[in-house]
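Residue numbers (our numbering), protein chains in the order written: chain A, 1 to 509; chain B, 1 to 1043.
Hint data in this document are derived by calculation from the structure and do not stem from the laboratory. Do not rely on the hints blindly, as some may be mistaken.
[To be verified] A few chain A residues that don't get close to chain B, going by computed Cβ distances all over 10 Å: (1) 30; (2) 54; (3) 94; (4) 161; (5) 184; (6) 192; (7) 218; (8) 287; (9) 308; (10) 346; (11) 372; (12) 402; (13) 462; (14) 476; (15) 487; (16) 503.
[Claimed, not checked] Listed next, with one range per pair, are the computed distances between beta-carbon atoms: (17) 168/A - 956/B: 45 to 51 Å; (18) 144/A - 904/B: 28 to 34 Å; (19) 56/A - 995/B: 19 to 25 Å.
[As the list claims (entries may be wrong)] Computed list of lysine to aspartate or glutamate pairs in EDC-like fashion (alpha-carbon distance at most 16 Å, straight line): (20) 816/B - 187/A; (21) 441/A - 437/B; (22) 850/B - 184/A; (23) 74/A - 435/B; (24) 882/B - 210/A; (25) 396/A - 218/B; (26) 74/A - 436/B; (27) 74/A - 437/B; (28) 882/B - 215/A; (29) 850/B - 210/A; (30) 850/B - 187/A.
Glycine is no exception: its CB is placed at the ideal position from the N, C-alpha and C atoms.
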Amino acid sequence: MFACLFVPDFPVQAACRMEPKDTREIFKKSPIAILDGPTPPRVVAMNQAARSAGIQIGMTKLQVETCGGISLRKRSLANEESARAALLDCGRAFSPCVESTCPGTVILDLAGTEKLFGSHESTGHKIADHGAQVGLELNVGVAANPDSAMFAARGYSGITVIPEGREAKYLAPLEVSVLPAAPEVLDILDVWGIRTLQSLAGLPPIALTERLGQEGLQLQRLACGKTCRTLVPAESNEDLTEAYEFEDPVETLESLAFILDRLIQQLCVRLSSRSLATNQLEVMLELEAKQRQTGQDREQYERVWKLPLPVQDGRVLFRLAYLDLGKSSFSAPIHKITVRVVPVRPRSVQQSLFVPVSPETEQLEITLARIRGVVGISDQSGIACAGSPTILDSHKPDSFSVEPFSGGPASGAFPAGSESVLVLRIFRPALETSVDMAANKPHCLSIRKRQFRVLAASGPWCNSGFWWNNSAWSRDEWDIAVKTWEGIGYYRIYLDKIRKQWFVEGIFD
Amino acid sequence: MQYVELHARSAFTFLEGASLPERLACVGAEYQMPAMALLDRNGVYGAPRFHLAAKRYGIKAHIGAEVSLCEGGNCPILVQSRAGYQNLCRLLTTAKLRSNKEAIATVTLKELKAHTNGLICLTGDENGPLMHALQEGGVVAGRQLLQRLICSFGKDNLYVELQRHCNRAQECRNQAAIALARELRLPLLATNGVTYATPREREIADVFTCIRTKRRLDTAGRLLSQNSQRYIRDARKMAHIFADLPEAIANTTELSSRLDFSLEKLGYEFPRYPVPAGDTMNSFLQKRTWEGARNRYRPITERVRQQLQHELTLIERLDLAGYFLIVWDIVRFCRQAGVLVQGRGSAANSAVCYSLGITAVDPVAMELLFERFLSEERGEWPDIDLDLPSGDQREQVIQYVYERYGKRGAAMTANVCTYRGRSAAREMGKALGFDEDTLSRLSNIVGAWEWRDPADTLEKQSKKAGLDVQHPQIALYLDLCQRVQDLPRHLSQHSGGMVICQGQLDSVVPLEPATMPGRVVVQWDKEDCAALGLIKVDLLGLGMIAVLKDSIELIRKHYGEEVDLAHLPQDAPDVYRVIQKADTVGMFQIESRAQMASLPRNHPQRFYDLVTQVALIRPGPITGKMTNPYLRRRQGKEAVSYPHSSLIPVLKRTLGVPLFQEQLLRMAMVCANFSGGEAEELRRALGAKRSRERMKEIETKLRAGMTQNGFPRQTQDEIVQFIASFALYGFPESHAASFALIAYASAFLKVRYLAAFTAALLNNYPMGFYHPATLVKDAQRHGLRVKPVDVTCSGWDCSLEHDGLLSLRLGFRYVKSLRKATADALMSEREKRPFDSIADLGLRVPQLSKAEFRMLGQIGALNNIERKNGIHRRDALWQSQKAAQPVGPLLAGISEWDTSSPLRRMTTTERLMADYSGTGLSIDRHPLFYRREDLRRTGAKTARELSQMRDGEYVRIAGCVITRQRPGTAKGFIFLSLEDETGIANAIITPDFYAENTVAVVHERFVFIEGILQNKDNVIHIRATKIMPLAALDIPTHSRNFH
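Build out the structure end to end from the sequences listed, making use of the hints.
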């Protein structure tokens, strides 16, 4: 015997699966539509409540919105994938031979499971209960062949057990749309007035074959429940995630570190058993208090470490995460921790002879994590504090960002910008100064309480940019010659027009 | 010291310049610049608007363009004389016509050299040819380039251009340019390379850079401008910046004084028409006019003779004979090619146009004033619009004009596409880096209905889309969206306006290839062409013209009668009786719900009543609250009164209510002493897209004039209200007369030749207000027998059949997914010999795909193929599925054919569903006919029964929704038309009711509606208080929704 696990309105259920059970119950009664596709997104799935409210497949968002009261969700393939994995896990809990027939449909071979789970009907109920635990409301069909089981699950809600030999009778009232037929064939059957499996079963087989080919005959056999096939077992799940929900929320890093270490070690064992490594570690923390205070969803804290090369060493991964989390402060106790690694193939090639010697990647990452622990992740303007500086394509002088080390030789050239032939020694930070203007030109300036008379000035050279965000800058630069105690000095000064402050940017050598 | 900005670019340097030409001229005038030059990239797109604005602000507008060179760089060219302007236009045309629309049009230095007469060359900014040469090959290359330019333009006509935007690299290049200028003794010229009027508009320029380069502001880097210095600087600032080079400033005024050309001296000449030897254009026109008049006026009365004489004299005096002959020639071509054509617009005021066959309205009989078409005093040029059958025939006429006057002698007018709500919202969002989801939310949230809540601002829409308008980024976004409104985005072609200039149009305005193959467009839009006095002919496609033409042919073939639209029986009572009952489905202009609602009240009895009827239901009269007073006066329920006694002659014909544009102009002239020119300005403002601002200026002038004439304040308000509301669109009388003529013709044909008219309507769909399903049902209710598509006799088009009575046979064009080529193959095989079975059809027409075969079976088109067996649709489907299945050459034709079928006959509902899904209509009884008994039990009335019921009674109706309309003038009200087996009923949905019942109103096909019956003057509506879907009727009918 075979059992089919079918999730009605799979995309909707997948979208709501992560909601709490009581919320899911509410959602079941309120209309929900799933949107997908390029602009404009269109409805690809909906629940029964939405169907009753007049929503149809293919409607645009605007059309749905005109109906009012419809909850719209964007289709998430990740959610569906995770629901699919959960459905498979549900199936695997009852049989080692599980077929992932299509999204939302899984078929199990129940041969030999009676002693474990009781009668087929009782097995069906247990499967449905298990499905509910993983957040899915299932129809379960049990029959002597996989396809009949599938049609029963698709056509009848709840648990349906078809006694062996009575497939045709049970399947007779079902609509032909349960059949795995091409849309064109379904259209043909529709215009022929063939709406149920019973009427399809009643057509003369030879004449049907003459018109619909072997596919027609196969559909008729399916409608009679006369087919038999072997299942195609699904591959094992490759998603590597471990999570731990604390009974009492933890507040100290030490308490967290104990569990974090265990989770990472577990993941590394699993990686090792599959001969895989990881180049990305993700830790997600769910904070408890926010939920109580605001009634909103839990606040999540997420950190992702991307490694330049794949590693398999649990200690390295743990230290990396521990050092990084150590400098973070959490606004509330931690309720749940989820650790995920992205499996990749381990490094199998030696580094090139001609690549300059660099520190061991693992060591470098740990060192960088330590540095970040001291200097912080980023400064006030959002620039990372540890890494490799990169000059930005911008008119803003001296603008740069700090990127993670690439682990390879430096590449790329400096962007062409200044055509100056003089060398400007830049003061970092720029020196604050005050400038007296005469005839719209700098006349004298004072640096560190000393006055200098400007002998000549060239400018203003105006630069401004980033007017569209809060990093707007605008400056008027002057290149000046001033008389100093050592002779004549050439400086670049500028007026920061946003801060209304003069600065000496540098000296010309 | 004075300074003239000689290098400014407007937003017509698409996605680069950030200010409109008018704004540049305005700011230039504010800085007391005596003149300014507009040099847009590869075109003079903005020149007319710049010229007109400069004239308004009292500064001189110099014209020129930046010409892209094949050798690199954009060379700024200033026009010195008319010859120079013509050279520039030809040069740009050459470049544009040989490049495709997407590519940048370039010219070689050699080509430039051949067109230098009357032009002054500047060396350009950092994108100019000199800087390009300096960057590519240093001083040597720069020198060589200057020498080539000297050789082309002469030393006196070449200026080394210097710009100072506070940029070090630019100053380095300037120094190199100055050195070369000194060496070659060339004059220096200071410009500011203006790209926007004020520094703030730099932000728009940066956003345009992002749109052009498909980047975001965050990632555009150094593609963005370095600072905001490319604005219009006054003389003092420029003198300060160029203090070391005063001659560069002085040269701007010197050069400006040399630039003699202005668009006033465009050099456009009225088109000439080749006439036979011995004739002048005037004599030839006179001959053709009298010849035509003898045919049109039977006989020519003294009044007609005088009118024609008067018109011909004026045409001769204004030297417009060529223009009339050209239009006559187009009309003549149409006649020869069998293309029905009718002139409309103000040309309908002319007896010459009527005699030449250009228009079909007799202006003498209609007492239309010729001066509204052509007036020496007003100094305006005639504008003739020709309505042609839309589609291939219109294209045939357009191509004839190109062929006749040469590629460079005729062109379509352009249409400037500007940033509007949705496009601005999307592109600004993209530049700011909003994600696709937010972009979609923003652009989709712009309501789909035509009607907008007055408070439905962009800010409100943004809140609706879930955006925080207080957020700085969102605030900036909204600000950018507002500022970019009305800036040009790109050029497209106008739907039908053509400018003709006897082979020399390219010396008047540059020409460009249009996206449509074989089409050429000028760089100016319709309004700019009119402003500069270019005469144009509008060749407009009108579906109803095609219907009339097809009807006439069908009548000739099947009724054996000849219908001449110019000589239809006037004021036929049977036709007017139908119109008075608002039984006007399918009739031109008078078939909409609003028209139907006013027809019984207006009760048209003669042609002029139709003219007012056509003009009555327009946004202008409706919002100006003129419609109801007029109708009340027509019914004698309100006394005829006038805002002022001086307006009696103007408004007498329309019972004291202004309905036509001309009346508004005359009112302005009578009440506010407007001159002919001012009235013309008012007319333009009424018809222009940018009319609101112009109307405000005119209102001030109107009030001043009326105060002077002693009009009391209340009367002034009334008159201003009348005039201002026409800014929302109203008809000129002559235009209404032309449309009324088509309306009358369509009504006449429908009443007298229903079969031919219905066939023509169905063959020219999409057009009009109703879906073919409604047209067919209406024709059936009027007694026409409509037969289904049948492979044994249908053609591609719907046709007429004689079997005692005339009946209409649906054509293959209504079979969904049936290709024309397949239908042609089928018809060609059928002509050889009839098909004797479905198998025979499958064998002889292998082009029939399975889906096509199935569709034919599904709609019953195969039922008659085997008459003796009397098969039903499912039999045919069963057989056709086999016939369409390939069996290979060996078995083809020899396999046994079993005609029995295990399938059950289709039920009525299934048949209806098959009809509607396969052809979009059904010739069977109306779906509600089959439900009538049930409906009666629920108390639902039929559409016909409503006319027997009392006003104010509570009723229930059921029907298929055939139209949904939410007109812009109806304050959010929605009008539904419901069809049942007896006719059409109308329901009114209030905005509040709509908000509560959106799904049923918008999506349901069959509905019950309950509400209070309103029966006023035989105009029946139900004010809906309840709407419910009509269950168990899932027939895929179609409604036409007008949002």
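Here's how the hints hold up against the structure:
Chain B leaves residue 30/A outside its interface by the beta-carbon criterion, the shortest separation being 15 Å against a cut-off of 10 Å. Interface exclusion of residue 54/A from chain B breaks down, the closest Cβ pair being 5 Å apart, not more than 10 Å. The claim that residue 94/A is not at the interface with chain B holds, since no C-beta of that chain comes within 10 Å of its own (minimum 40 Å). Residue placement check: residue 161/A keeps its beta carbon more than 10 Å from all beta carbons of chain B (closest about 32 Å).
With a minimum CB-CB distance of about 8 Å to chain B, residue 184/A fails to clear the 10 Å threshold, and the non-interface call is violated. Here residue 192/A does not stay apart from chain B, with its beta-carbon only about 5 Å from theirs, under the 10 Å limit. Against the 10 Å criterion, residue 218/A stays outside the reach of chain B, whose nearest CB is about 16 Å from its own CB. With a least CB separation of 24 Å from chain B, residue 287/A remains clear of the 10 Å interface cut-off, as annotated.
Against chain B, the non-interface label of residue 308/A holds: every CB pair exceeds 10 Å, the least being about 25 Å. Distance to chain B confirms residue 346/A as a non-interface residue, since its nearest Cβ pair spans about 35 Å, more than 10 Å. At roughly 25 Å from the closest C-beta of chain B, the C-beta of residue 372/A stays outside 10 Å, upholding its exclusion from the interface. For residue 402/A, the requirement that its beta carbon stay farther than 10 Å from each beta carbon of chain B is met, with the minimum near 17 Å.
Not every CB of chain B lies more than 10 Å from the CB of residue 462/A, the least distance being 4 Å, so the non-interface label is violated. For residue 476/A, the requirement that its beta carbon stay farther than 10 Å from each beta carbon of chain B is not met, with the minimum near 8 Å. Look at residue 487/A: its CB is around 25 Å from the nearest CB on chain B, clear of 10 Å, so calling it non-interface holds up. Its beta-carbon lying about 18 Å from the closest one in chain B, residue 503/A satisfies the requirement of being farther than 10 Å from that chain.
Evaluation of the 45 to 51 Å hint for residue 168/A and residue 956/B yields a pass: the beta carbon distance comes to about 47 Å. Under the hint 28 to 34 Å, the C-beta atoms of residue 144/A and residue 904/B, about 32 Å apart, fit the expected range. Here the CB-CB span from residue 56/A to residue 995/B is close to 21 Å, well matched to the stated 19 to 25 Å. Restraint check for residue 816/B and residue 187/A: satisfied, since their Cα atoms lie roughly 15 Å apart, inside the 16 Å limit.
Between residue 441/A and residue 437/B, the direct Cα distance comes to roughly 50 Å. Violation of the 16 Å bound is thereby established for this hinted pair. Between residue 850/B and residue 184/A the CA atoms are separated by roughly 10 Å; this keeps the pair inside 16 Å, and the hint holds. Of the pairs offered as hints, the one joining residue 74/A and residue 435/B holds, with about 14 Å between alpha carbons and a cut-off of 16 Å not exceeded. Proximity of residue 882/B to residue 210/A is assessed by CA-CA distance (about 6 Å); at most 16 Å being required, the pair is judged to hold.
Distance check on the hinted pair: residue 396/A and residue 218/B sit about 13 Å apart at the alpha-carbon level, within 16 Å; holds. Between the alpha carbons of residue 74/A and residue 436/B the distance comes to roughly 13 Å, so the proposed pair stays at or under 16 Å and holds. Of the supplied pair hints, the one linking residue 74/A and residue 437/B holds, its CA atoms being roughly 10 Å apart against a limit of 16 Å. A C-alpha spacing of about 14 Å is found between residue 882/B and residue 215/A, which places the hinted pair at or below 16 Å, so the restraint holds.
Between residue 850/B and residue 210/A the CA atoms are separated by roughly 14 Å; this keeps the pair inside 16 Å, and the hint holds. A distance of roughly 12 Å separates the Cα atoms of residue 850/B and residue 187/A; the hinted pair therefore holds under the 16 Å criterion.
Checked against the numbered hints listed earlier, the structure breaks hints 2, 5, 6, 13, 14 and 21; every other hint is satisfied.
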